[in-house]
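Residue-level listing of the chains:
Protein chains: 2
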Amino acid sequence: PSEPTSCSENHHQPLFVDRESLQRQIDELSQFSDAPSPAVTRVLYSENDISARRYIKDLMRHSGLSVREDAVGNIFGRWEGSEPELAGVATGSHIDAIPYSGKYDGVVGVLGALEAINMLRRWGFQPKRSLEVIMFTSEEPTRFGISCLGSRLMAGSEALAEALKVTFDSQNMSFFDAAKFAGYANDGQDISTVFLKKGSYFAFLELHIEQGPILEEEGVPIAIVTAIAAPASMKVEFKGNGGHAGAVLMPARNDAGLAAAELALAVEKHVLESGSLDTVGTVGIIELHPGAVNSIPSKSHVEIDARDIDEKRRNIVVNKIRQSAMDIATKRGVVLSEFNVVNQDPPAQSDESIIKAMANASEQLNLNYKRMISRAYHDSLFMARISPMGMIFIPCYKGYSHTPEEYAAIDDIANGVKVLALTLSKLSLS
Amino acid sequence: PSEPTSCSENHHQPLFVDRESLQRQIDELSQFSDAPSPAVTRVLYSENDISARRYIKDLMRHSGLSVREDAVGNIFGRWEGSEPELAGVATGSHIDAIPYSGKYDGVVGVLGALEAINMLRRWGFQPKRSLEVIMFTSEEPTRFGISCLGSRLMAGSEALAEALKVTFDSQNMSFFDAAKFAGYANDGQDISTVFLKKGSYFAFLELHIEQGPILEEEGVPIAIVTAIAAPASMKVEFKGNGGHAGAVLMPARNDAGLAAAELALAVEKHVLESGSLDTVGTVGIIELHPGAVNSIPSKSHVEIDARDIDEKRRNIVVNKIRQSAMDIATKRGVVLSEFNVVNQDPPAQSDESIIKAMANASEQLNLNYKRMISRAYHDSLFMARISPMGMIFIPCYKGYSHTPEEYAAIDDIANGVKVLALTLSKLSLS
Ligand SMILES: [Mn+2]
Ligand SMILES: [Mn+2]
Ligand SMILES: [Mn+2]
Ligand SMILES: [Mn+2]
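Residue numbers (this note's numbering), protein chains in the order written: chain U, 23 to 452; chain B, 23 to 452.
No lab work stands behind these hints, which were simulated from the structure alone. Do not rely on the hints blindly, as some may be mistaken.
The list cannot tell twin chains apart, which means a pair is met if one copy fits it or any two copies do.
[As the list claims (entries may be wrong)] Below, a list of computed lysine-lysine pairs in the DSSO-like style, where the Cα atoms sit at most 27 Å apart:
hint: 1; residue 1: 378; residue 2: 342
hint: 2; residue 1: 261; residue 2: 392
hint: 3; residue 1: 353; residue 2: 220
hint: 4; residue 1: 353; residue 2: 420
hint: 5; residue 1: 420; residue 2: 261
hint: 6; residue 1: 378; residue 2: 261
hint: 7; residue 1: 187; residue 2: 257
hint: 8; residue 1: 342; residue 2: 353
hint: 9; residue 1: 420; residue 2: 79
hint: 10; residue 1: 420; residue 2: 202
hint: 11; residue 1: 353; residue 2: 291
hint: 12; residue 1: 291; residue 2: 342
hint: 13; residue 1: 291; residue 2: 261
hint: 14; residue 1: 202; residue 2: 187
hint: 15; residue 1: 150; residue 2: 420
hint: 16; residue 1: 220; residue 2: 342
hint: 17; residue 1: 220; residue 2: 187
hint: 18; residue 1: 342; residue 2: 150
hint: 19; residue 1: 187; residue 2: 420
Given only the sequences and the hints, what does the whole structure look like? Please build it.
Next up, the structure:
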């Protein structure tokens, strides 16, 4: 009910985003990277990840937030409201970056949230419900193959807490050794302290680049996300006999690499068969063993991602991919030694009252917006399990993401930050 | 003309192979490996390669050979003949091993050659033409992408000598820095000292496992190689826009990984279209960039090997592969940023008089033999450019090679060593 413009002393002053400072922070954060600029590689609990975390915590304190970290390194910056016993309003995203990606994915939702807090402070706003900025641990699955690790745990995944006890990275370092290296998991392998109860937050918001081309193409500055598509990911391994590339004649071969190639094309085929534009499928990883030009691959490893806004339709694709993997193995005389559906999460719906608050904020700011479905995975998917959830998308260049070409204009980011700040203030007072 | 049995003092004593010692040496050498046993990984100028070289030089000295190394680390062990001004008779092979391969490829032709020398000594043989055992540097292309590096140079490849000046491994170490690390290339980048004149040898022989299943299947202990098939290798790169696996809809994609998958299957198709069993083609390497499960590949790297005993037919396959790469790029909207035919060597014929000498030796030893074409690449292919050449194959388990399952029975190896020793003695006296 109370509009933030009701803060009488400020209602003449428009919401002002410090674009220069925000852009500088985005650029500075991108320097914590294992890949040379403009590419960003920032992997969970690496030296650069640890440095970037320190950078974020410093900014949080600079914004007057009190900082807390949980046992896996989710970072919370809290601005205590006038009624601190009420469930707070939270916003945030991630700062980890897959190999050779860009500097905006996730980052806009963390640094943008801090700038939203700064704006509200400049504006003289006093929250009723406490406001929190959250930096989630490992939204990306890079190191341990688990996406949204921090938010999944926060949402109370007992299965993940158990699985982490036997989770290792490709260098055979255990999850907990890696966490300890970064200064977390101090109480050993019991990380149930990370779980949050349902109702811990009154609302959770995430600001993010669209990672698709629609807003840019249509010239619309803001999207209000109504649902997050349901992702599934699979790990597949084929095994053959290998052999010398010159000596083994074609009929005698069972080439695990060609099985992988055929499966990759089958993924594309099954996705296109769904008949819906909303079905997508990707083979992002193909690894051949031993990986020599004169050696027939004796082993191949394939990782597949399939998504849809319709869970049933997506599961049909997953089942077709499984069937293809079996058929290819039979046809080529290779062994399908692994077909593992690593995750198969249900989709999430945004909360209607949060959608309304975001829509009101956009209208008040005179920003055109459209409703949109998110086909990308976000921490919001898991936060929706314990809190009403909403997401704000802003345009990005050609829809590029997960590449160094990823780019969002500072004016577009500023629009998102304004909508976020205004929505936070509304929700904080309600 | 003079049969070795004319050495009167020995002609009652049959040629005796010290199987136990030879097998022990094969096992010991396999321990110089970057991969755990039974796999062998021994990469040019690595610590383990350097140790293995020391092991070979010690064995050479133990066999009474005088040891010489050239500027790239080809190792020569010489038994001076009674007429040292005559061109000598040489035999040898390689001991480098591609990642996760076995312990017999190449090794049998080096340790077997040394055992042949030991046999001839035990037998009381005195060479007329000097005998030499050669260990060739980097038959495998593992580190610098160049196969038969040592023998190609020995055969006088000016092009390779030039190319090496700008050749780097995947860690960006230059060829010459790597060579210096191993104690070679002491005179800088001028390695023309490695070149040998045509006529430097009266004959060159190589003993090798078949790397195919035919001898084992047919129960024939010896193959005499009449020709070595002509190999071609290609490096291909596709580039697309990449993007987020969830956000970019299928019609908007130009997936460099799917282009690679499609090309791999096209290689198989074009090879099978040749209609000849002798045409083989392999995609041993597919690398996707950035290589994350939730990222559309923006770049793919493919390495292809195509071989045939018929050079023209092989070149038709190479051309079809090139055409497919272009068509796939067009169809998928990706850029074919590289299509590089790295080498396209002509085949080599064995020398008729050496074939006869090997055949005579087999008959004398009462060993059944067959004539065979080598579809695998060997240093003999290049030695044939400067010397009459011949090769001896022995059976190996199921034809496996370039895998840890690679195996040759010591009795089969001993047969090959006997044929080699007897042929060396014949050629030395002629
Ligand atoms: Mn991402
Ligand atoms: Mn993200
Ligand atoms: Mn080999
Ligand atoms: Mn070999």
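Checked hints:
{"no.": "1", "hint": "378 x 342", "result": "neither (39 Å within a copy, 59 Å between copies)"}
{"no.": "2", "hint": "261 x 392", "result": "neither (48 Å within a copy, 33 Å between copies)"}
{"no.": "3", "hint": "353 x 220", "result": "neither (49 Å within a copy, 50 Å between copies)"}
{"no.": "4", "hint": "353 x 420", "result": "between (40 Å within a copy, 21 Å between copies)"}
{"no.": "5", "hint": "420 x 261", "result": "between (39 Å within a copy, 17 Å between copies)"}
{"no.": "6", "hint": "378 x 261", "result": "neither (53 Å within a copy, 43 Å between copies)"}
{"no.": "7", "hint": "187 x 257", "result": "within (20 Å within a copy, 42 Å between copies)"}
{"no.": "8", "hint": "342 x 353", "result": "both (16 Å within a copy, 25 Å between copies)"}
{"no.": "9", "hint": "420 x 79", "result": "neither (32 Å within a copy, 61 Å between copies)"}
{"no.": "10", "hint": "420 x 202", "result": "neither (39 Å within a copy, 49 Å between copies)"}
{"no.": "11", "hint": "353 x 291", "result": "both (18 Å within a copy, 15 Å between copies)"}
{"no.": "12", "hint": "291 x 342", "result": "both (10 Å within a copy, 25 Å between copies)"}
{"no.": "13", "hint": "291 x 261", "result": "both (23 Å within a copy, 21 Å between copies)"}
{"no.": "14", "hint": "202 x 187", "result": "within (13 Å within a copy, 46 Å between copies)"}
{"no.": "15", "hint": "150 x 420", "result": "neither (40 Å within a copy, 76 Å between copies)"}
{"no.": "16", "hint": "220 x 342", "result": "neither (36 Å within a copy, 61 Å between copies)"}
{"no.": "17", "hint": "220 x 187", "result": "within (25 Å within a copy, 65 Å between copies)"}
{"no.": "18", "hint": "342 x 150", "result": "neither (51 Å within a copy, 71 Å between copies)"}
{"no.": "19", "hint": "187 x 420", "result": "neither (40 Å within a copy, 42 Å between copies)"}
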